Amino acid sequence: MFSERALTALRAQVTGEPDADTLAQAAQGGDLSAFEGLVRRYQRRVYGLAYRHLQDPDEAQDLAQEVFVRLYRNLGKYDPERPFEPWFWRLAANVAASYRRRRPAAAVELPATTAADAREDTLPLERALADLSDDLRLPVLLHYYLDLPLDGVAASMGLSLSGVKSRLHRARAILRRVLVEEDA
Amino acid sequence: MAAICVWVREQLEPLIDGDLAPARVDELRGHLAACEACREHYAEASSLPTRLAVVRTPEPPLNLVRDVLRRVRGDRVGPMRLWGPLGLELVLFLITLWYMSGFGGLYLLVQRTAADAGAVLGWDLGQANLPPPAAGDLFLLLLCGLLVATTLYHLTLLARLGLRLS
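The listed protein sequences correspond, in order, to chains A and B. The opening position of the first sequence corresponds to residue 1 in the working numbering, with each subsequent residue numbered one higher. The opening position of the second sequence corresponds to residue 1 in the working numbering, with each subsequent residue numbered one higher.
Hints may be right or wrong, so weigh each one.
Covered by chain A, according to a simulated footprint, are these stretches of chain B (three or more residues, beta-carbon under 8 Å) [claimed, not checked]:
id, stretch
1, 12 to 22
2, 33 to 44
3, 49 to 63
4, 66 to 73
By construction, these hints were calculated from the structure, which means they are not laboratory data. Small disclaimer: the values here were computed from a predicted structure and weren't measured. We put the beta carbon where it would ideally sit given N, CA and C, even for glycine.
Please build the complete structure, drawing on both the sequences and the hints.
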């Protein structure tokens, strides 16, 4: 039976692209182009997390940058014997969770028409997700969007496992009620 | 809405995640079989985790990779490499100062340069003769050349890390 890691390595061999673990090991050895490969590979999901978490493109870009810079600075702590992705998403989650604490959200005054247009353009689930409070939205994004296991979310947010579960249940219940009302 | 519906809907997420005792599960399933409105909530709750995994996000900005690499390169430049040229600049400046006999000599040089510039201006207006050519000083020229080269290198290094320093 192949492990997930072996399958990833096999896929990388077939497509000819180095897998994330190989890139991470090369980057750890000081190869900047390997680090660039990692940034290119994960930029979409990291920015996606940042954007959905902060709801502001400029702040999202700043947070995404911060995640990758922290990755670079912490590459020395990465254990090459273990798969890179779970370690990386855990780091990204930590940075995202501490970002708001370090830097309170700037009061951005959007022109009324722009805000309304942006809202018109989003799907009901995206709107409902945006309306969740920070402490409910972040665990949802970490667990469902980034696929981080519950204990990873708990460690990143400094919560107990039951605390994370409770927040996920509350968040999903709110989203579900909003979506049912929208459908009605 | 009936009280039983409120009670059932409060437990839909734990039910889907398999966090409830079997007896409670049977109770809830019994109600769901009979209540269409609660079934609608259950269907929505069941599909949510999958829909959240594929939630739409905008494309990352084109300059994200470039900005990250710029910051990282800033990290790679150690403090010695960043501020080392400042020491060399200071040494060259002090040698120049010593060679020019301190600030007085430097002031004299500025004064002479200004006088020469004034004379050239006056000559251009037809009010004065052209000033005599200044005596060459190879050592001073070498010092100034080194100082300019070091400063330019240092400025390039700082400009490359512009965002990091701001």
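- request: Could you tell me which of the numbered hints above are not met by this structure, giving the numbers in increasing order?
  value: Per hint list: zero violations.
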